[in-house]
Structure formats: C-alpha cells, structure tokens
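Fit chains G and F to the supplied structure of chain V, relying on the hints for placement.
Read top to bottom, the protein sequences are chains V, G and F. Residue numbering for the first sequence follows this note's numbering, beginning at 1 and increasing consecutively. Residue numbering for the second sequence follows this note's numbering, beginning at 1 and increasing consecutively. Residue numbering for the third sequence follows this note's numbering, beginning at 1 and increasing consecutively.
Take these hints with a grain of salt, some might be off.
Calculated lysine-lysine pairs in the DSS-like style (CA-CA distance at most 27 Å, straight line) [said to hold, decoys possible]:
id : chain 1 : residue 1 : chain 2 : residue 2
1  : F       : K269      : V       : K269
2  : V       : K265      : G       : K265
3  : V       : K265      : G       : K269
4  : G       : K78       : G       : K12
5  : V       : K269      : F       : K265
Quick caveat, the hints were computed from the structure, so don't treat them as lab data.
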Amino acid sequence: MLGQIINQTREKAPLIHNITSYVVANDCANITLACGAYPIMAEDLNEVKEVTSIAAALVINTGILTEGKLSAMLVAGKKANVLAHPVILDPVGAGVSKLRTYAILRLIKELSVQVIRGNSSEIKKLYEIYSMNSGTLRIETGDNPTIVGTLRTEADINPVKGVDVADMDIITKNNLDFFIMAAKELAGYTGAIIVMTGAIDIITDGTSVRLVHNGNAMLKLVTGSGCMLSSVVGAYCGANPKGCMEACVAAVGAMGLCGEYAYEKILHKQEGSASFRIYLIDFMSQLDGDRLMQGIRLEER
Amino acid sequence: MLGQIINQTREKAPLIHNITSYVVANDCANITLACGAYPIMAEDLNEVKEVTSIAAALVINTGILTEGKLSAMLVAGKKANVLAHPVILDPVGAGVSKLRTYAILRLIKELSVQVIRGNSSEIKKLYEIYSMNSGTLRIETGDNPTIVGTLRTEADINPVKGVDVADMDIITKNNLDFFIMAAKELAGYTGAIIVMTGAIDIITDGTSVRLVHNGNAMLKLVTGSGCMLSSVVGAYCGANPKGCMEACVAAVGAMGLCGEYAYEKILHKQEGSASFRIYLIDFMSQLDGDRLMQGIRLEER
Amino acid sequence: MLGQIINQTREKAPLIHNITSYVVANDCANITLACGAYPIMAEDLNEVKEVTSIAAALVINTGILTEGKLSAMLVAGKKANVLAHPVILDPVGAGVSKLRTYAILRLIKELSVQVIRGNSSEIKKLYEIYSMNSGTLRIETGDNPTIVGTLRTEADINPVKGVDVADMDIITKNNLDFFIMAAKELAGYTGAIIVMTGAIDIITDGTSVRLVHNGNAMLKLVTGSGCMLSSVVGAYCGANPKGCMEACVAAVGAMGLCGEYAYEKILHKQEGSASFRIYLIDFMSQLDGDRLMQGIRLEER
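The following block holds chain V by itself, in its conformation from the complex (with noise of 0.2 Å):
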C-alpha cells in the first residue's frame, strides 16, 4: 500500500505548483523531480491561478515570507480547493514574527488545506496559538490583517529558534505523548492532516496516529530538508489524492530512509554536510516501493 504510492507517483508524474522560498527552491524542484513528478514554481498574483489549475498539488511555503506572496498564496490555494487539488502548507517560521504568525493563521482559515508539515517547534507553537484562543480566534482578514483581541500573548512570548527546532522542542520518548497530543488537536482544530517531523515523526489525522522512526540527525544540518519533505508529500498527495495520509506517510517514510542511506554513505566515505544533502536527493531519485516497505519503521498508536 505505501510502497505503491512511491511506484504510482513515478508513473503519473503529477505536476506539483511550488510557491516556497528562494533559500530552498532549487532543492525541492530536484527532490521533486527525484520522485518522479514535475515541479512547477510560479507567484505572481497573474498567473498562480492558471498555474494551479493544471497542476495536481499545491506546496505553499512561508519561508522568507513577503506579503506579495501571501497573496499569491491564497490565490492559488482558492483555486486549488475549487478543483479539489491537495493543498499542502509549511508553516516556516511559525512564532518567529507577526508577518509570519499571522500568515499562516490565515492560510489555515481562509483556505482547506489538507496537511499541514511542520518541525516539532512550528507545530507546536500552532498547537499553543489555537489552544490558548480555543473558541475566541479570530481574524481580521482585510487591508491590514491582525488577529484581534484574542490572541493570548503567552503564546507569543515562548522562546522559537528561529526556522528550526528549539532544544526545548525536540521529541523523545519522555515527551512523546505531549506532542501525538498537540498535534491531535491541532488536526482537530484545523482540519488537516499533521505531519510533525523530528527524531520520531507523528503523522495525524486527529483520530489515527503512526509513528516513524526512520531518519538522522545529519537531516538538521541540510537546510530545508523540512521543506525538501514537504515537496514529497505534495508529490505523493499529487499522485494520491483520495489517499493523503498514507501519501504522507510515505513520504515521510521515504524521507528517513533515505537520511538512514546517506549517514551510513558519508559515514564510509568520511564526508560532510553537503554530501549528505547531495546522496539524500540521489537515494530519493533512486527510492522505490519495495525498499520503502523493507525500510520503513512504522508504529501505530
């Protein structure tokens, strides 16, 4: 079942509409086209809809955010909920700024997105913000968007670091069940699909819950191996869009092992961080559904 989502993809080859940040671009097209779909990036507000339309899944990304391409973004993801293409969000930097905070807030009310993919920082931070406003959240979506009134600051006052995981954050058996929780509720409270990836990976629905243990630590050294995964989940969301939860499943599945396959590479060879980053993407190009059914170390709670 999951390694047919892998064969699949490859042979529909979905093309997937990327609006992301120019810090990763380059490496979610490649990992993209590694999976066997085509990536298409476009964001100007004359063209995302069209764009959208004759794609098969749609990647928003709030990495280096701008308020031009919030725009964009909620375009396109209109669009994409009137044809009924998976809409797939990385909260990048969710807590590290207003701009950004709210941005996302934004994207998850006004839009139906189907996963949210985040680090165990972002989605944590989602979780508190929607908690803490249980009930009350509300924004003001017009010229100069604020969350009004409701936004309880404690919220806002927990420490971030930066786009990455805070030490604080970091899943371990002990915290496990806090975070399976928060990203429960956050599923329930939003609606999508949360894929919170870090040393054990929790993937929800908000009613069923699977664990992988697949990956590497080496994967924080790669800038944007988070969003390089959310661009596989779009493939894969792409190519199975009646099946989202096992696509994400996959993908993050697919994702750790190809981690597993580059540390023990680098590993032998005695090499770094850029060859790392550079054999994940070969490993993914290379990935097929049997080695992911061999490899993949799935739990369910």
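Relative to chain V, chains G and F alone:
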C-alpha cells in the same frame, strides 16, 4: 572551429548578465564560471542598464516571472541591443499562463533577440502561436499588455506539462521533421537562432540546420538543466558575438557531452540525480575544445 | 584562541539573520549550519525587526540588490545596532552601478557596521570613493538617495569586473602593501573591521593587520564563495560578539583551509568545480579548533 569557441571563452572570460529565476540562479552562475565566463545577476530597474553595459551578453529567463522582472528584462534588453550585445531568451513556461506567454511574445517583439533556447514543448508552443496568427499577431504594450483579438485560442488549449516537456512533444526520429520545420519557421518569424533541446537537439537560423545527438535522459531529472544550457549559450555568444550560430552548436554539444560523462560516472558509482547534477557542472569546468571535437555527434541538414 | 571561536560557535549555536541574494542563499544557509550556527532568512519590512531581535548577528549582502531589500537591511541593521548585535556587510558589486554603490555607502553611513567583508575589487573601490571624496562625502538619504556633488567621477570610471575580482586587483606580493594601506584606510573611514579576500587575505581594524595565506584559486570558480565566508564571519561573530577581530581571522582561516582540503580532494579524484563546492561545505561541517590551529598560516603586520 567549434572547439575554439570553448577555448576562447576561457581566454576572454566575458562578463554575462543573467536575469533568471531563483530556482536555477545558483546553478546558472556556477556553470557560467565553469565555462570560464563570469556571471552577474541584477534585476532592479535602476541598475540593469549599467550592469548590461559592462557585460558582453544578456541572458533572460522567464522562470518564476513577475511583472517587475519583465520590466527589467525589457530595459536591459533594449540597452543590450543598442550596444549590440547578444541577447539570449529562455522562454521558460511558454504556454503555462497568459502572463508568461504574453511576456515572452513582448520580449521577442520589443527586443532584438539573437537566440531563443527552449525545450521542444516551449518552442512548439511559440511556433504554433506565430503560425496560427500569422500576419495578424499584434501585442498591445500599454499598461495592461494584451494580445489583441488575433490570438487564436487553439494554441492556448494545447496541453503543456508545466515547465517540462509534455510526452507528446518528445523528439523522436518519427516526428523529427516536424520539429525541424517548426524551429525553422519560428526562426523566420522571430529573426532569432532557435535552439530546441530534447532527445535530439535542433539548432537553426531558419536556413541551415544542425542536429546534435549528444546528451542523456538524466538531464530531465535535474531542474534547470535547460536554463544552465541557456547560460552556457550566453557565455559562448558573449565571447563570440559574431558567431552566435557556432556558439549555440558548441554550447549544445558541450552540455550534451557533460551529460554523457556525468551519466557514465553515476552508473559506475550507482549514484542518483543529485550526483549527476554535480558531475555535469564538474565536467563543464574541465571541458576543452579538443574533448568537444572528439565527442560531439553533429549532423547537418 | 582562534580555535576556541570555532568550538564556541558549535556550543552556543547562535541564530544568524541573513539578508542575502537568491543566488547564494542556499549555500549561505548550509555553511552557517556547517559552522554549528542556525541561519534565518527574512526580508519583509514587516518582520525584519522581530527576526533580528531573536538573532545574535546580522549579515547583509548586496547581491541582486533591490530597493525593497535595501529598506529591509536598513531597518534590520538599526535594530541590530540598538541590540548591539554584530552587523556584517558584504558589499557585493560595489562599483557596478549607482544603485549598489550608493546603497552600500548608505548602509555604512546609517548603520554601525562591525565588519565589511569584500573581495579586493570591492574593498579597493570603496577605499577609492572614500579617499577621493575625503571630508566631503555626503549622501542624501531622502526618497531618491544620491551622493551629492562631491563624488569624484574617477572612482566611477575605474573598471570593475562585475561581482568578481578584476585582473588588476589580484593581490600579489608586489601590490600587497597598497592593498593593506587601502584596507586600513577604509577601516579608518568606516569604523569597521575590513576583511579583504584574495590570494592573500587581509584583516584589519585600522590598527593591527593580520594576513592569512590559506585558500585555493578554485574558490573563484564557485559562485558565492565570498558570500559564504561572510556568513561564516556572521556565525563566528554572533558566537563571539566581543571578539569580532579574532572571529574574522578564524573565519578567513577556516574558509581558506576548507578550500585547500577541497582542492586536494578534487585533485585526487579528478573532479571539477561543483564537487569542490560540495567538499568545501563538507569540510566546514567537520572542522574544529585543533585542525584550524594546525593549518592556518597567519602573519601579523
């Protein structure tokens, strides 16, 4: 002759102004350096004239086009025309949206473009637009540029595969004559040398036709491999502005040959698409005229 | 002492705010991670203050500068100054256009810049502008910023080689004294530590002068190798804000040493410029204080 172009580029080390997309900008800059030329990227309306003035050629690439970037391309292109610098256009995404298609038509109309380098879908799309609207194609270039009245809609309906080649547009021995005809006609309509890349590469100025049989299918798994070729065309034309046809043939041969070397290497080392991309640029940095002449498989029509 | 800076950066893992060009952003982020620091890129006027506030240092790079980005740099820089975070300026393209040159002069004038890291052409150009207009340099900073009246034109006429080093500006033993003088004078004019990189690297605060004799000519074949160094300077200064001079020397030595290692490796494996870039970042991710102290070739003047 062709080999000399490569060697001359290393000797002259021309400065090449690129206005390109952020997905491919790093690779385009690195392959320009690998050719022996120097890249400079600049796109602010207030500096593009000055930057183009100190450069030897201008490469404009419509990937992730925005209105602002289009204006910069027009200003830079007009300055390059005045200075008789070669202008190379990479019509990324021709046909994916009105914004891109119209922008490309405006660039061709308002500038004197020496080379158009695109994949077979992009070049075919442009050929269709010109041939279906032959004699009547009129583009309003006011504040709100539109192609008035005369753009026949069939050209818009033909399927495009995002920024990559649609299956129906893969060049084979069976449809080769059609694609040669299309490229020659487009050269006639636009006055530019057409470089159409695919399984067989076609280079034509509307009169003479050269085919290059180098390359490898892995090139399609690297984002921006076509964009990189356009930058190589820019570097070679910048060093040989009087011999752009030869420069285009040399660039296509060089890129194809590097693709073959890179494929041999990843096959031997059992590596994937990201290593292929690294070796592609590696070989470009090592290539000289002799190796090109030994490896190029050229056919005159 | 120098070695400790590298180790401290890994221990403290500071967050570094980079406002840089899209050509080099991915490499800058990856080399920041390779140093043990965390990169964050943000450039929207509405979030740069907040982002800079949670960071430990700010790196601003004028590659592909736009008016919008300049505004963000000024706002972020002022906030960093208030918080006493080190500000590192990479004056990419000083002299290629009025936009860039004036922007760089404004950044130096309006901000307290701790380090200016440029190649020998850029630093020489800035030295010329300051020395030729000594005492009278005045920059209007209204809506339409200009350098009024006093900018002597000879400085504008001197040839620049785009964003790379012009042949006449290559540092050799013969012209070394001139470049040391220029760097010292520029440090005096600006109050910043000057890091001028070339075949011999010069680091000076206007009083003491350190030369670093590491590095390899292949660094010039990798786009953004200088920009990456500026990000390393940012990481080391962020971890050692009281010892920026030492941090600059350590960064220059580290980058030079990584260039030497990478060159040995491609020589042995007969690889080219793209592999060199990968190994450069690889070695940065593996470097520690002991290896730096064993390899650095430092000279005090």
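Now the hints, each set against the structure:
At most 27 Å may separate the alpha-carbon atoms for a hinted pair to count; K269 of chain F and K269 of chain V meet this at roughly 13 Å. Simply put, K265 of chain V and K265 of chain G have alpha-carbon atoms about 17 Å apart, close enough for the 27 Å limit, and the pair holds. For a cut-off of 27 Å, the pair hint linking K265 of chain V to K269 of chain G stands: about 12 Å separates their Cα positions. Proximity of K78 of chain G to K12 of chain G is assessed by CA-CA distance (about 24 Å); at most 27 Å being required, the pair is judged to hold.
At roughly 12 Å between alpha-carbon atoms, K269 of chain V and K265 of chain F fall within 27 Å of each other, so this suggested pair holds.
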